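Protein chains: 2
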Amino acid sequence: MKIALAQLNYCVGNFEQNTKKIIDAALKAKAEGADLVAFSELSICGYFPFDCLEFSDFIEKCQWALDQIAEKCHDVPVLLGTPLHNGIEGQKPLFNAAVFMYQGKRQVFKKKHIGDNPLFDERKYFEASHDEDQLLELAGHRIAITLGDDLANHGSDPMLMENRMDELVGLKPDLCIAMAASAFDYTMPRYRCDVLRQTVLKHELPLLMVNQVGAQTHLIFDGGSMAFASNGYIDTTLPFFEETVQMIETDSLCYYRTAEDRLAIPEKASLIHDALVLGLRDYFQKMGFKNAIIGLSGGLDSALVTYFAAQALGAENVRVVLLPSQFSTDHSVSDAVALAEKLGVHYDTVAIKPLYDGFEASLKPFFEGRPFDVTEENLQARIRGVVLMAFSNKFGNVLLNTSNKSEAAVGYGTLYGDMCGGLSVIGDVYKSEAYELARFINRTDEIIPWHTIEKAPSAELRPNQKDSDSLPDYAILDQILYQYIECSKSAEEIVAQGFDKALVERTIRLVNRNEFKRHQVAPILRVSPRAFGTERVIPIVAKF
Amino acid sequence: MKIALAQLNYCVGNFEQNTKKIIDAALKAKAEGADLVAFSELSICGYFPFDCLEFSDFIEKCQWALDQIAEKCHDVPVLLGTPLHNGIEGQKPLFNAAVFMYQGKRQVFKKKHIGDNPLFDERKYFEASHDEDQLLELAGHRIAITLGDDLANHGSDPMLMENRMDELVGLKPDLCIAMAASAFDYTMPRYRCDVLRQTVLKHELPLLMVNQVGAQTHLIFDGGSMAFASNGYIDTTLPFFEETVQMIETDSLCYYRTAEDRLAIPEKASLIHDALVLGLRDYFQKMGFKNAIIGLSGGLDSALVTYFAAQALGAENVRVVLLPSQFSTDHSVSDAVALAEKLGVHYDTVAIKPLYDGFEASLKPFFEGRPFDVTEENLQARIRGVVLMAFSNKFGNVLLNTSNKSEAAVGYGTLYGDMCGGLSVIGDVYKSEAYELARFINRTDEIIPWHTIEKAPSAELRPNQKDSDSLPDYAILDQILYQYIECSKSAEEIVAQGFDKALVERTIRLVNRNEFKRHQVAPILRVSPRAFGTERVIPIVAKF
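Chains A and B, in that order, give the protein sequences.
Here the numbering used here is used: position 250 in the first sequence is 250, and no number is missing along the way.
Here the numbering used here is used: position 477 in the second sequence is 477, and no number is missing along the way.
Isolated chain A (complex conformation) (with noise of 0.2 Å):
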C-alpha cells in the first residue's frame, strides 16, 4: 500500500489557502498511485487556533473546507485533522478528530488523550472521545490512527510505554497512523522520535507519524514526520522546516525489509538557525508583511538577528540603522557597516547625540543637581527606539526585537528602547547559544564579522561599559539559569551542582525581578523546551 504522508505548511484560519494546498496535494499524491493521502492534526484550520475554535463562524468554515474537499478529491481517499462539534450540554464543545474521505463515504475518529501541553491548552475546548475503538480499513489494511499526545506516556511509569495504542491493538491493526502536530524545540525531534519508537517496539507494528511545518507567531513547527518499520527503525524521515509530500510503501515497513535505522536529525545550531529562518519568514509572510527594519549596533545580537532577516525575507527587504551615541566605540560603527554591506542591506546612520541633548534640555529643570544614572542609560535606548519605530512607521517596515534569552531573563534590557520590536528573534537564545550560531553561520565563510563575535559585549550606555561590569560571565550565568528556567530547580538545588551560592541567588532574584519586564516583550520565536512566554507563568506580583 502506498501511502503519502502531507507534511504541509497551514495558516490558522486561512481557509481558502490552507484547502488548496490539502486539495493540490491530495490530487498530485493520487496521480502519482496514492492509495491513502494523510495530513496532520488539525490541517483544515491549521494547529493551534485557540479562542478562535469560540466562533461558530470558524467551526463553520471546517465544515465548509471539507465540504470542498469531499468535492474536489471525491476519488482520493485523504485523513484530515478538523474540530467537529460535540453538542452535548455540560461538556467541552468540540472534538479533535480525524476525518477520513472517499467517494461519498466519511468516517470519523476522535482524539480520546487532550493534551495538557502548557503550549496549547487543548483541554479548553475539546472533550476527550468516549467512542467505541474503531479501525480504517482500506485496501486491505486495518489501520489504527490516533491523535498528537494519543501516543505520549499515559501510564504511571515513565519506562513503561502505555497509551491509546495498547486498545487499539485489540482490534488487530496491522498499521498506524499517526496524525501529529507537534511544536519544534531543540530537544524534540530526538525525544518524538523515541516516544513513537516505544510503542512501535511494544507492538511491532509499523507506524507513519504525519507533522505540519511552518510557523504560527511564536510557535514553530518542524515537520521531520517519520515513517517507522515494525522493528523500531525509521526508514523514511520527511525533511525538517520544508514542506514535503512523501510516499511511503508500506510494505517496506516489514521487520526484515528495514535494515538500517535511518534516523536524520541535524546537530543543535542548524536545528535552530532553521527554526529561526522559518519562524521569521511565516511570520511575515501569514501576516502579509514584507519589509523589516533593525537598529544594528556592531554587537552579536543585531548582526545576528540582521543575518536572519536577510536569509528570511531577502537582504533587499531588510534595512538597518547605526544609531551611534557619544559613548559608541569606533568599532561598532566599523563592524555594523562591515556586517551590512556584507550581507547587502540598506544601511542609515542617525548619530542620537542631538536628541539625547535636546531631551536633557527639557528635563534640566526638574533633574537639576542628580547625578547621571540609569535614567540617562535608558534615554539613549528609548531614543533610539522611537528613531526606529518613525522609520518603521514612515516605510513599512516591521522592527525586530534583538535581545538574546539571558538579558530577557535577568533584565538586561531598556522597556520601550532596546526592548521594542514587533517579533523577539532570538529571545530564546542564550548568549552562550548565539555565540555556537554565529560560529555555525561562519563556518565556511565570514559572514558575521569575528570581531563583532569575539570583542567583550557592551551596551555602551555609558564610558567604557562592559557587560561583565553587572553580569556574571555569560558561561557561567547560562548554566544557572538554565537551571532555574528550563529544569525549574531551586536556588538551593543548583548551589549543590557546584555554583557559587551568592551567584545563584543574584541570579534567580534578577529573574524573578524582571518579570514585569518580559510581560511587556513581543512574542519570542521559541527554539527551546521553555521559552518565556504563556508556557512559564510566574506571578508578576510575588514575594519568593
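Read the hints as simulated data drawn from the structure, not as lab findings.
What you are looking at is a predicted structure, and each value in this text was computed from that prediction instead of being measured.
Mixed in with the good hints there might be a few duds.
To be verified - BS3-like, lysine-lysine: derived pairs with alpha carbons at most 30 Å apart: (1) A:K543 <-> B:K290; (2) B:K28 <-> A:K543; (3) B:K364 <-> A:K353; (4) B:K353 <-> B:K517; (5) A:K342 <-> A:K353; (6) A:K290 <-> A:K342; (7) A:K290 <-> B:K543; (8) B:K124 <-> A:K202; (9) A:K543 <-> B:K72.
Unchecked claim - Chain B regions said to be covered by chain A (calculated; three or more residues, Cβ under 8 Å): (10) 4–16; (11) 155–163; (12) 289–303; (13) 353–364; (14) 370–384; (15) 390–403; (16) 536–543.
Glycine is no exception: its CB is placed at the ideal position from the N, C-alpha and C atoms.
We have chain A; now place chain B onto it with these hints.
For chain B alone, coordinates are given in the frame of chain A:
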C-alpha cells in the same frame, strides 16, 4: 458552634507575612470564642502561585508555614488551604488540599474537581483526589469541606446542580464549609451567590463560603464571603474588598432562624471602583513600590487613573506630568490642572514641541518630501513616553498606563507611547463604563472636572482631531466589542442583533489586527468577565 471566617489578603510566596496574618487571626478569633477558624483556598501560600508550584523550596515553605501555625495555634482548631505533595509518578505532582489542625492532630481533605478556569490552569499542577470521602467532626458537628470548583456545577444539565456535595451528603453532614479563591469580575459576586445557593437548596444544608481578598498583579479577589442558612437565605455577607474576620453562629443558620435574605452586593460602578482601588494599592504594596507617575492629558482616561492612584496610594505619592504639544487645546491644560489641584497631586509641565522639532530635524534627511502621517502622530505619543519614563527612572515612580478597553480593543493607541506603563489601571473598562465610573466618582462632588467628562474625546495628535474621526460612537462600538470579546459572538450573530454589518465587520477586523499591540501591554487590572490577557488567547498570526 461558632466559626470564624478569616477573609484575608495574602501575598503569593510571602510565607512570613501570610503565616503571621493567619496566626494573628486565629488567636484573636479563639480569644473571641471561635470553635473553628476557617481560611480560604491555598491560604498558606496565597492564591494563585502558578509555576512557583514547580519549585521544591516553595512547597517546602508551605510545609514550614503549616508547622509554624500548628505550633503557635496549638489549641486553636484551624482549617487552612495548602498544596500537598502527591508523590505518585506519572500523576500531577501536587494536591490542592485543606488541612484541619488542632492540638497536634491533622486531617487532610483534597480537592476533587480541579478547575479548568483559564485564569489559573490548576490542572497543570494538581491531581484530583482519589481519597475516600470524609467529614470534619468537631464540637458535635459533621462538617463537609469543599475546595473551589468542587461546588461548581459538574452535571450535563445547567439547570440541575450536580457537584461534589452530592457525594458528601451520603456521610450526613450538617454543615458545609466551602474554601474558595474566587477572582472578581463585576458579575461574580452575584454569580457566586446563585451557584452556591443552588447547592444549599438542593441539600437544605447551611453553607459557609470563605474567599480571599486582595489583588495579585491583574487578578483581584473581592472577598464577599457568605453564610447561607439551610433555606437558601444569606445570613451574612462579609464586606467586599476588605480584610475581615467574622464570627458566624451556625445555630442561627437553620431553616427557621434566618427570616430574610441579607444579600448585599453593591452596584456595578461601585464594585469596579473599589476593585480598581484595591488592585492598584496591592500592586504597589506587594511589589514594594510607593509612588506613581501619570501623563495627564486633560482627557477622561488619564483623569480617572490619576484619581484612582490618589485614592489607592495617597495624593502625596502621585505626581503627574502635563505634556502639551502644538496640537493640544487650551482646555486640555486647564482641565488637567484643575484635576491635579482638586486631588492635591504634584504636577509638572514639559512642552514636547522642542523635542518633536529635534526628531523632525534628525529624520528630515530620510523622510524629506513625505507627508505628515501616523508616523508624526506616534512620534508625539512616544516622546511623551520617553519623558514619563525618564521621570519614572529618575524619581523611582511607577508609570501607570491610561488606556481603556475600547482603545485596547481596536488598537487606538501608540505602542511605546501612550501604551507605556507598568500597570494598566482601566484597560478592562470600556469607554462607556469609564463615563459611568466618572459619574459615580462625581456623585456628590465635582472631583473629575465635568468639562473633562462632557467634551468630545480626542487624542490631539493632529489639528482638531476627534476620536469620532476614526472610530464609531463609543456607545455603539462598546456594545459590538462586548458581543465579540465577552460573548465570543461571530460577526453574523452580532449583525443579527441589529448592528450595522459594515461597522461590525470593521470593528472585528480592528480587534483582530491589533492582537500584536495587546501582546505588549502591561498587566490589566481585571474587572470584567473577559479581560484581555491570558483568559482570551487569540493567535497574532491568523487570518480570520
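Tell me the numbers of any earlier hints that the structure contravenes, in ascending order. Failing hint: just 12.
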